[in-house]
Amino acid sequence: MAAAEIDRLIRLLARLPGLGPRSAQRAALAMLRRPEVLMTPLAQALLECASRIGRCRVCGNLDSRDPCTICSDEGRDAALVCVVEEVEDLWAMERASSFRGRYHVLGGTLSALEEVGPDELGIGRLLARVAEDAVREVILGLGATVEGQTTAHYLAERLRPLGVTVTRLGQGVPIGGELNYLDEGTLDAALRARRPVG
Amino acid sequence: MTARLVPEPATPVAGEAAGAVSRLELAAFRNYRRLELAVTARPVVLFGPNGAGKTNLLEALSLLTPGRGLRRARLAELDHRGGGRFRLRARVETVDGPREVESWHDPENGRRVLAVDGAACRSSAELARLCAMVWLTPAMDRILVEGPAGRRRFLDRLTLALYPDHAARVTAFERAMRERAHLLRSRRPDPVWLDALERRMAQAAVAIAAARRDLVAGLEAELARGVEGFPSARLALAGEVEEALGRMSALEVEQWLAGRLAESRTADAEGGGAAHGTHRSDLLVFLRAGEVPAAACSTGQQKALLLAVLLAETRLRRARAGDWPVLLLDEVAAHLDAERRRALFEALVAMGAQCWLTGTDAELFRPLFGRAAVFHLNEATLREHG
Ligand SMILES: [Zn+2]
Numbered sequence: 001m002a003a004a005e006i007d008r009l010i011r012l013l014a015r016l017p018g019l020g021p022r023s024a025q026r027a028a029l030a031m032l033r034r035p036e037v038l039m040t041p042l043a044q045a046l047l048e049c050a051s052r053i054g055r056c057r058v059c060g061n062l063d064s065r066d067p068c069t070i071c072s073d074e075g076r077d078a079a080l081v082c083v084v085e086e087v088e089d090l091w092a093m094e095r096a097s098s099f100r101g102r103y104h105v106l107g108g109t110l111s112a113l114e115e116v117g118p119d120e121l122g123i124g125r126l127l128a129r130v131a132e133d134a135v136r137e138v139i140l141g142l143g144a145t146v147e148g149q150t151t152a153h154y155l156a157e158r159l160r161p162l163g164v165t166v167t168r169l170g171q172g173v174p175i176g177g178e179l180n181y182l183d184e185g186t187l188d189a190a191l192r193a194r195r196p197v198g
Numbered sequence: 199m200t201a202r203l204v205p206e207p208a209t210p211v212a213g214e215a216a217g218a219v220s221r222l223e224l225a226a227f228r229n230y231r232r233l234e235l236a237v238t239a240r241p242v243v244l245f246g247p248n249g250a251g252k253t254n255l256l257e258a259l260s261l262l263t264p265g266r267g268l269r270r271a272r273l274a275e276l277d278h279r280g281g282g283r284f285r286l287r288a289r290v291e292t293v294d295g296p297r298e299v300e301s302w303h304d305p306e307n308g309r310r311v312l313a314v315d316g317a318a319c320r321s322s323a324e325l326a327r328l329c330a331m332v333w334l335t336p337a338m339d340r341i342l343v344e345g346p347a348g349r350r351r352f353l354d355r356l357t358l359a360l361y362p363d364h365a366a367r368v369t370a371f372e373r374a375m376r377e378r379a380h381l382l383r384s385r386r387p388d389p390v391w392l393d394a395l396e397r398r399m400a401q402a403a404v405a406i407a408a409a410r411r412d413l414v415a416g417l418e419a420e421l422a423r424g425v426e427g428f429p430s431a432r433l434a435l436a437g438e439v440e441e442a443l444g445r446m447s448a449l450e451v452e453q454w455l456a457g458r459l460a461e462s463r464t465a466d467a468e469g470g471g472a473a474h475g476t477h478r479s480d481l482l483v484f485l486r487a488g489e490v491p492a493a494a495c496s497t498g499q500q501k502a503l504l505l506a507v508l509l510a511e512t513r514l515r516r517a518r519a520g521d522w523p524v525l526l527l528d529e530v531a532a533h534l535d536a537e538r539r540r541a542l543f544e545a546l547v548a549m550g551a552q553c554w555l556t557g558t559d560a561e562l563f564r565p566l567f568g569r570a571a572v573f574h575l576n577e578a579t580l581r582e583h584g
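Residue numbers (our numbering), protein chains in the order written: chain A, 1 to 198; chain B, 199 to 584.
Quick caveat, the hints were computed from the structure, so don't treat them as lab data.
Treat the hints loosely; a few may be bogus.
Interface residues of chain B toward chain A, partial, derived using beta-carbon atoms under 10 Å [stated by the list, open to error]:
# : residue
1 : Arg376
2 : Leu381
3 : Leu382
4 : Glu561
Everything numeric in this text was worked out from a predicted model, so none of it was measured.
Cβ coordinates follow ideal geometry from the N, Cα and C atoms, glycine included.
Could you put together the complete structure from these sequences and hints?
And the structure:
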């Protein structure tokens, strides 16, 4: 059988999303066959990310700066905030590249079954930010899943007393779809067609 | 136990026959290690002893549509006992030409994956739009006399064949209901969160009820035309959401239902589930002549009533979507008398919908010989008959 070091590597890789035991084994062997090309640079990148990347204390984005590059960019409208579920949704919005406001990354959606409530999502932090930073409009860029829409409804109700305009992305977001899956044209159209939440 | 059947040269399936499955491959599925089968849009007869794999083959076909298939099995039950995860591949003749539909048990995440033409299916609606399947199995023999759950499943399967979003909406309703039930059991449930979940339930329920109402109205129109040799069925929906849609607008019903759910929080926290919603609706079936409830009819008559509904559904899908649904009739022929059996075969051949029929005795299907592909199935091995 494999050496204990290799075994440990495979077990760690297999814990990553999208990698089962077999693909973990394939990845480990590929690295071991070409360590200087595939393994050492990866190890360095991992260490760098581990030591330098953290959550932005304002928006929850992942960056080497805190506040993050987006939150520090004076050219971006601080009064316009788009709420998304995950960092990959933020990246999807950035790829669509028509959005010049800032973000709030929840890190998930409300789910009673998975014990994720308003506290776990830091919704209080979002409400405080909206109240303190004179936010004019909050765009709810959440997925069309049951949890995404429940979270959107919840946020709209909580934001309403603060007197901020709350909108959601327009047409084109499919049922059960997530923002991350949308192509850029669709996402851009959805952003431009955003509608007030009733 | 390897079955491989070299097909006759693939007959091009005309637009007339859109909806049919023209090719099916199974790997490590139930008692099949491997099976390849090519057929046309004509009826397909599978006969052979019990345990040969007839129902398994129909189950594989049923998994080409969203859901857990005609046995509502768990994924692990579908894998071959000798090892390996199952994989299905089929060619479906859609109105827009042939499509390759695949489904397999993904070992990496333990889920059933669906793909069309090599690309993963992102929504169940995408698949439901491509092809529709409806079925009748021995497990459904008593759905007209038992509780409403079986009839509701039957109704929702029929509805899905016309409303590709229906399965996703039923799932969304159930998901929101489970979330709400869980939240109600927590120590101090957040009322705004409950509002949000009840609004999701109400939205999904209105869409579900509206689709069911439209389906039943469409079926009623088809059933009123009658099917030769079959008793005429009459259908009605019993359910507060469906009924409310008859007197209020969809938006009003949504608000009304969300309100009813908010009122029933205390009771639902104790009882679990939800006191209101489309999960409590029922499909009522009558013998049209004399309005006799189906539960009061003989077993044979009940089967005939269900078949009449399936045949009406077949015509309705053809009229609305331009293609035919695939009919899976497991052990149905044996329970019909000779005259009704002949009426069923004639109706199937006349309609042009692909139909898969199973039975233990080839003689039952004699009226179909020459007009159907007939296979003898034994120990997961297919042999062309005659
Ligand atoms: Zn930030």
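Hint check results:
no.: 1; hint: Arg376; verdict: holds, 6 Å
no.: 2; hint: Leu381; verdict: holds, 4 Å
no.: 3; hint: Leu382; verdict: holds, 9 Å
no.: 4; hint: Glu561; verdict: violated, 48 Å
Hint 4 from the list above is the single one not met by this structure.
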